[in-house]
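A.B. asks: Listed below are the residues making up each chain.
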Amino acid sequence: MTTEPAAQTAGSAPSEPGGTGGGESPPSTSTSTGPRSKAKVSFADATFKNVTRLCGFLLLALMAAIALFLVLKATDALGDNKANFFTTETWFPNESGNPRFGIAALLFGTVVTAAVAMIIAVPVAVGIALYITNYAPRRVGDALGYIVDLLAAVPSVIYGLWGLAILAPHMNGTQLWLSQYLPWFPWTPLGGAILGLAFGLIRRAAPTGSSSVGTPITLGVVLGVVVSLIAGIADAPDDIGIFSTPSGQVGRSIFVAGIVLAIMVLPIVAAISREVFKQVPIAHKEAAFALGATRWEMIRTAVLPYGKPGVISASMLGLGRAMGETIAVALVLPASFGISVHFLEPAGNTIAANIANGFGDSNDTGRGALIASGLVLFIVTMLVNIAARAIIARRAEFSGAAS
Amino acid sequence: MSTLTAAPEGAPVTDKLRLHGNKLPAFALPVIAVVSVGVSLLLYFATPMDSEIQILLLSLLLFAAGQTIASSLIEGGRRARDRFATTLLIGAFLLAMVPLVAVLVTVISKGAARFDYDFFTHSMRGVSARDHGGGAYAAIIGTLEQIALASLIAVPFGVLVSIYLVEYGRGRISRTISFFVDVLTGLPSIIAGLFIYAFYLIVLGAPQTGFAGSLALIILMIPTVVRSSEEMLKLVPNELREASFALGVERWRTILKVVIPTALPGIVTGVMLAIARVAGETAPLLLTIFGNDSINNDPFSGHQSALPLYIFTEAQKPQSWAVDRAWSAALTLIIIVMLLNLIARFIARRTKV
Numbered sequence: 001m002t003t004e005p006a007a008q009t010a011g012s013a014p015s016e017p018g019g020t021g022g023g024e025s026p027p028s029t030s031t032s033t034g035p036r037s038k039a040k041v042s043f044a045d046a047t048f049k050n051v052t053r054l055c056g057f058l059l060l061a062l063m064a065a066i067a068l069f070l071v072l073k074a075t076d077a078l079g080d081n082k083a084n085f086f087t088t089e090t091w092f093p094n095e096s097g098n099p100r101f102g103i104a105a106l107l108f109g110t111v112v113t114a115a116v117a118m119i120i121a122v123p124v125a126v127g128i129a130l131y132i133t134n135y136a137p138r139r140v141g142d143a144l145g146y147i148v149d150l151l152a153a154v155p156s157v158i159y160g161l162w163g164l165a166i167l168a169p170h171m172n173g174t175q176l177w178l179s180q181y182l183p184w185f186p187w188t189p190l191g192g193a194i195l196g197l198a199f200g201l202i203r204r205a206a207p208t209g210s211s212s213v214g215t216p217i218t219l220g221v222v223l224g225v226v227v228s229l230i231a232g233i234a235d236a237p238d239d240i241g242i243f244s245t246p247s248g249q250v251g252r253s254i255f256v257a258g259i260v261l262a263i264m265v266l267p268i269v270a271a272i273s274r275e276v277f278k279q280v281p282i283a284h285k286e287a288a289f290a291l292g293a294t295r296w297e298m299i300r301t302a303v304l305p306y307g308k309p310g311v312i313s314a315s316m317l318g319l320g321r322a323m324g325e326t327i328a329v330a331l332v333l334p335a336s337f338g339i340s341v342h343f344l345e346p347a348g349n350t351i352a353a354n355i356a357n358g359f360g361d362s363n364d365t366g367r368g369a370l371i372a373s374g375l376v377l378f379i380v381t382m383l384v385n386i387a388a389r390a391i392i393a394r395r396a397e398f399s400g401a402a403s
Numbered sequence: 404m405s406t407l408t409a410a411p412e413g414a415p416v417t418d419k420l421r422l423h424g425n426k427l428p429a430f431a432l433p434v435i436a437v438v439s440v441g442v443s444l445l446l447y448f449a450t451p452m453d454s455e456i457q458i459l460l461l462s463l464l465l466f467a468a469g470q471t472i473a474s475s476l477i478e479g480g481r482r483a484r485d486r487f488a489t490t491l492l493i494g495a496f497l498l499a500m501v502p503l504v505a506v507l508v509t510v511i512s513k514g515a516a517r518f519d520y521d522f523f524t525h526s527m528r529g530v531s532a533r534d535h536g537g538g539a540y541a542a543i544i545g546t547l548e549q550i551a552l553a554s555l556i557a558v559p560f561g562v563l564v565s566i567y568l569v570e571y572g573r574g575r576i577s578r579t580i581s582f583f584v585d586v587l588t589g590l591p592s593i594i595a596g597l598f599i600y601a602f603y604l605i606v607l608g609a610p611q612t613g614f615a616g617s618l619a620l621i622i623l624m625i626p627t628v629v630r631s632s633e634e635m636l637k638l639v640p641n642e643l644r645e646a647s648f649a650l651g652v653e654r655w656r657t658i659l660k661v662v663i664p665t666a667l668p669g670i671v672t673g674v675m676l677a678i679a680r681v682a683g684e685t686a687p688l689l690l691t692i693f694g695n696d697s698i699n700n701d702p703f704s705g706h707q708s709a710l711p712l713y714i715f716t717e718a719q720k721p722q723s724w725a726v727d728r729a730w731s732a733a734l735t736l737i738i739i740v741m742l743l744n745l746i747a748r749f750i751a752r753r754t755k756v
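Protein chains in written order, with the numbering used here: chain A, 1 to 403; chain B, 404 to 756.
It should be emphasised that the hints constitute simulated quantities derived from the structure, not laboratory data. Predicted model, so just to flag it, every value in this text is computed and none were measured. Some hints here could point you the wrong way.
[As the list claims (entries may be wrong)] Label pairs and their calculated CB-CB ranges: (1) Asp361(A) with Pro559(B): 34 to 40 Å; (2) Phe86(A) with Val606(B): 23 to 29 Å; (3) Phe43(A) with Ala609(B): 18 to 24 Å.
Positions of the beta carbon are idealized from the N, C-alpha and C atoms, including for glycine.
Just chain A, with the same shape it has in the complex (with noise of 0.2 Å):
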């Protein structure tokens, strides 16, 4: 959708042969404009070019500097860890001569919380995109639109703050209902079942076109059977359910933090759905009411197909904004360490919180553990915003070759 300005202003380009400088494709630009003037570029025109060249490159510098800086102040601390960096849970980095700390809860927290807040935030934020695309009248879906927008406004650091004095206590009721009824979810035969039954609506209702895995019922049935398989297998306790509380206690849990990030990732999801699915041609949509479709029909034949990438690509931008989303997190979750399977439980951690919470009392060891982690960080982060706009970018070649 961004990445091609140059295909916007090549017509723009009359004779301007470049040759200033350090003149990186010069020649590309001559197929617009027929003979290869030999203009004189006056030095105020090549100064200002190069001047905006270099602020390009300095761009790139800064980002080689990022990677560059945070690997080498994280050598020297990874340098003096006694421990395992990536399978050990605890953080000790400030132990004198003998520090000990290691990345593993830290990420599991990063993920998991990341990946219950896409959980909550992408249905409904698909939800709010089809519905300002699809069915609000188009002045009120853009009102609408802008609403939704405001929740981006919001400082993360507010929403920490609401998120701890307001949701967590407000969200035990929720919690401990969950941990009552449901704490067999989801590693049981009926757990397994309802998830495959979930996967396999969801899959009905985005069609991929080629490999069928079944109709969700059937998905239902062998995921059930398969969790319960590995359950036996496994021969798990009865409180490994995610719901379940084995201290008793539930409070400013993972849980919790998901929801504070499902509402900050919502708005970026949506406005990126929302973007998408205006984008899907009009005459896609009429030709399925025009063949007798209902409007969900028509969403589901026309509309999900034309925008999945496009979603999941939001998604995974959204991903990675909750995976590095800082203080709101680090006010919600009461930064112990230690993976733990139950998310109603007051645990928790990620590695942006931690570095938020540990950075003001550690010494350079320490902070050079804490710059360590923030290295993992920055790359998982990049990972999947690379992968999110390799997804736009293909995406982007497809629809251009379409119009």
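Starting from the known structure of chain A, arrange chain B on it as the hints suggest.
C.D. replies: The following block gives chain B in isolation, referenced to the frame of chain A:
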């Protein structure tokens, strides 16, 4: 679409002339709504759930289910599915409004407690944990100065990069730059803080000042500014450029005198949104400006405070006075950010017409 051919079979044979088949009677939906609210209220009192939001959620689910069942009995499966989807989509929208309204209402009601003259004229100097006084003057000054400094550097830089991308950039290099602008957009804000810490504070040995915070904010502002002004520059019609070239105007003058002025309102909008985004950033400031209870008007020397950081530190204190201050600061911050947003929208709208 195989279901389409089988569609009319649901309609009764008695009334062949009706195009739409049977419809739910008008009273059905209100009845279903009332029943679902009633049932969820019943569950609210019977089971240990004690949040009002759950009533809303549950009623919505029950309403969707009841409506679908009724519709599938009377109107047939396809229409029932359509109704179900419609309800869910509207429900998604209502669901998203809950946190927005809740956050705004809470911030306004709780923030009003300390939203007074003292709050805006006093710093936290000498305010001990038990005291109820103190204010955010130092934090507000810090935030304004840091944002101003950051914008001063990030905006020209970002606009220049976008000019390069749109007006000059061809081939691999500009594509690479464009790609890394995207990557920078997704950079977690705490990483920007870590980088400034590792580079500016450790390697260069600079002290923690407001300016260090600005540097971190610059990293977060640049990609937003580049992206938005790039979009705006692309919208400038090529005819304007060509007309200017035809008059013999040099390229750089064309860009500065024709292209930029045309795109200026859009660029300003983007800049305002970028500032609004950055104004609420806490994480990078945490590592770079350190916070300060006293008033420090000089961003280039000594620790400074900032509004988001102030909220963060006050919120973590156990005393209720501190939490009150945090809410009032949150209200202040939200007002600043929303004002910036509104100004941006206002500029954008005025230019669109």
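A.B. asks: Give a verdict on every hint.
C.D. replies: Hints and how they fare:
| no. | hint | result |
| --- | --- | --- |
| 1 | Asp361(A) with Pro559(B): 34 to 40 Å | holds, 38 Å |
| 2 | Phe86(A) with Val606(B): 23 to 29 Å | holds, 27 Å |
| 3 | Phe43(A) with Ala609(B): 18 to 24 Å | violated, 36 Å |
In summary, the one numbered hint that this structure violates is 3.
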